[in-house]
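Colleague: As a plain string of letters, each chain reads:
2 protein chains.
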Amino acid sequence: MTSTRTPSGINRRGLLTTAATLSLLFAPALPMRQAQAQTDPLPSWNDGPSKQAITGFVARVTQQGGPDFVPPAERIATFDNDGTLWAEQPMYFQLLFAFDRVKALAPQRPEWKGNEPFASILKGDFKGALAGGDPALIKIMTATHTGMTTEEFEKIARDWITTAKHPKTGRLYTEMAYQPMLELLAYLRANGFKTFIVSGGDVEFMRVISEQVYGIPPEQVVGSSGKLDFQLRDGTPVLMKLPDLLINNDKAEKPIDIQLHIGRRPIFAFGNSDGDLQMLQWTAAGTGARFMGLVHHTDAMREWAYDRQSSIGHLDKALDEAELNKWTVVDMKNDWKRIFSFE
Amino acid sequence: MTSTRTPSGINRRGLLTTAATLSLLFAPALPMRQAQAQTDPLPSWNDGPSKQAITGFVARVTQQGGPDFVPPAERIATFDNDGTLWAEQPMYFQLLFAFDRVKALAPQRPEWKGNEPFASILKGDFKGALAGGDPALIKIMTATHTGMTTEEFEKIARDWITTAKHPKTGRLYTEMAYQPMLELLAYLRANGFKTFIVSGGDVEFMRVISEQVYGIPPEQVVGSSGKLDFQLRDGTPVLMKLPDLLINNDKAEKPIDIQLHIGRRPIFAFGNSDGDLQMLQWTAAGTGARFMGLVHHTDAMREWAYDRQSSIGHLDKALDEAELNKWTVVDMKNDWKRIFSFE
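Top line first, the protein sequences correspond to chains A and B. Take 1 as the starting number for the first sequence in the numbering used here and just add one per residue. Take 1001 as the starting number for the second sequence in the numbering used here and just add one per residue.
Derived by calculation from the structure, the hints in this document are not laboratory data. Hints should not be assumed to be uniformly reliable.
[Claimed, not checked] Cross-link-like lysine to any residue pairs, in silico, SDA-like; alpha carbons within 20 angstroms at most:
1. B:K1251 / A:K194
2. B:K1317 / A:G235
3. B:K1317 / A:D234
4. B:K1194 / A:P72
5. A:K317 / B:A1285
6. A:K326 / B:P1237
7. A:K251 / B:D1234
8. B:K1333 / B:P1237
9. B:K1251 / A:D234
10. B:K1227 / A:A252
11. A:K317 / B:P1237
12. A:K194 / B:D1229
13. B:K1194 / B:G1286
14. B:K1127 / B:W1304
15. B:K1317 / A:F230
16. A:K251 / B:K1123
17. B:K1227 / A:S225
18. A:K103 / A:K139
19. B:K1317 / A:A252
20. A:K317 / B:W1304
21. B:K1103 / B:E1152
22. B:K1337 / B:D1320
[To be verified] Examples of chain A residues toward chain B, derived with CB under 7 angstroms:
23. G124
24. F126
25. P217
26. R264
Each residue gets a CB set at the ideal place from its N, CA and C atoms; glycine is no exception.
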């Protein structure tokens, strides 16, 4: 898959790895907290309890000989994607992709004009298309994400993402990543953590952007997955994307898929909705130092403000549990100096 | 999972990473082949076509600016486990574990004395137990690998492996890893490769030994997996191992699971049986430099000699295809100076 050769992503990761290794080799006597004070690794975070909780945790688990030290191999950090690492309003990015694919495929599918949910999509009525609930969604996903090889899908998704704009900001969607979270990912990696995405999004869709946007290689992306079929086409093997869902990586499936893919319990996990509750519970239940975080969307001016009543990013039970257990709840309005890199 | 803190494994990996980084930082002008000539990274391999194919391939893909250069992020290497990285005769190691578990559990299951395949196992007649084919095997695996939490299983497997001896050599089973393959794994990692196990064995069983024996962390082990269920026990989350198989990682499933877990096509793959054929085909079909290898069991004196007629490690079609396509076929008798570290 040569198309995953994104020089920017690779270089960024290479630099971080080298920087982290060099600091370990040549500055072993310099305490990490002192080094951080010299150049703030989280410049888009306001000083406050959330930032302190993060830097305090990282200092504790990386302190050789300290009571909370965790060997690098066990520094597993997992992040939800939509609403945690980038914006999910007014609609999941992957759904916009699916709607655009329906429009692009419509000339070959004339029957769609008389069939829901496709008829509504073709009229631009996205709300109407989604009124059919899960059955409608499954029809949309099957029509746009299956019936092709993994390589064909990757090319389609990559071509689309290169130009796809956010419907409200008009920015490239890849610019809708949260700058403070990009800094957090880099900061954790510089401190020996291995960062993973664990999201309900389609794993093949997320992998198209994960390395370029987040510096996270495809093998560290865990997502929902459809079944695949190995076929020989004129003697050349291909993997066909089938319409059946294999893994729906949401809620209680998240810890299950963490076990399946990673096989080690995270010591650090970040989400933003009730879909992330079980991942945070699973993380919290391990022994030793733990960090559980929620991104709370509180900034109606710079982003969106939503939680308990929202259909997208519904945050209710997880917010209660976070407050009860003193998990870190990031208040976007007060904790983040800057939300997007283009601000 | 603190039990995966195996100091030896971690240290070995740490040293290799540091060594690789240092060599990149301080010796950029020294060609890799010259450096290798000074200290042979594959001392248990005889000089010959197999060793030359490996070192030639690694030299080509790591040569900055060369026509076959592959960025480190794409240097994915996958290895089958049984018969490729360690001995699989006279019986898969995991099956010995299952038989021992049946014996240990028998006092709580008096009805097993009258039921196959358990009755045969309890009489020490392993051949008889397996005469029932796949249905018998499924009964054995369900009785010994499910109905407990992932952490309970990990502890049972780890305790067993610490003392389990190979039935023929009397050595600890963890010593039955092939020394030349351990050197190959370390050599690839020192050259920026990410090494994965892709095996039909149970993923949770293999992860117990992968870091300690091979230096491969759990998140880089792809195997067969049973379904899991997330449950709260007195408020504490556990993952219960269910009797249903989710993934049977063999034959055509191997490239599918490589896509699911890794999301990038390997450039280097090693197997030893027809169960690995599709993984090698999938690897071969990518663009750019590729390495496909088979371990051929040709040494009846030091190990075992078997291929086309064997029920374990059946190697027939893959051997034909390897010869046709000039893949590397390792002749254990002639290519390996030493097979086990204790020789």
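Colleague: Within a Cα-Cα threshold of 20 angstroms, do K194 of chain A and D1229 of chain B meet the stated pairing?
Modeller: violated (25 angstroms)
Colleague: Taking 7 angstroms as the limit, does the beta-carbon of F126 of chain A come near enough to a beta-carbon in chain B?
Modeller: Where the cut-off is 7 angstroms and the nearest Cβ of chain B is about 29 angstroms from F126 of chain A, the hint is violated.
Colleague: K103 of chain A and K139 of chain A: Cα distance at most 20 angstroms?
Modeller: holds (14 angstroms)
Colleague: Check whether the Cα positions of K251 of chain A and K1123 of chain B lie no farther apart than 20 angstroms.
Modeller: Roughly 46 angstroms between the alpha carbons, so the hint for K251 of chain A and K1123 of chain B is violated.
Colleague: Check the hint pairing K1317 of chain B with G235 of chain A against an upper bound of 20 angstroms on the C-alpha distance.
Modeller: holds (14 angstroms)
Colleague: Assess, step by step, whether the Cα of K317 of chain A is no farther than 20 angstroms from the Cα of A1285 of chain B, and give holds or violated.
Modeller: Measuring from Cα to Cα gives roughly 48 angstroms; hence the hint is violated.
Colleague: Take the shortest C-beta to C-beta distance between P217 of chain A and chain B; is it under 7 angstroms?
Modeller: holds (6 angstroms)
Colleague: Between the alpha carbons of K326 of chain A and P1237 of chain B, is the straight-line distance 20 angstroms or under?
Modeller: holds (18 angstroms)
Colleague: Please verify that hint: R264 of chain A, Cβ, nearest Cβ of chain B, below 7 angstroms or not.
Modeller: holds (5 angstroms)
Colleague: Please verify whether K1103 of chain B and E1152 of chain B have alpha carbons no more than 20 angstroms apart.
Modeller: holds (18 angstroms)
Colleague: If you draw a straight line from the CA of K1337 of chain B to the CA of D1320 of chain B, is it 20 angstroms or shorter?
Modeller: At roughly 26 angstroms apart (the allowed maximum being 20 angstroms), D1320 of chain B and K1337 of chain B break the hint.
Colleague: Would you check the hint for K1317 of chain B and A252 of chain A, treating anything up to 20 angstroms between C-alpha atoms as holding?
Modeller: The given pair, whose Cα atoms are some 42 angstroms apart, is violated under the 20 angstroms limit.
Hints 1, 5, 8, 12, 16, 19, 20, 22, 23, 24 from the list above are not met by this structure, while the remaining hints are.
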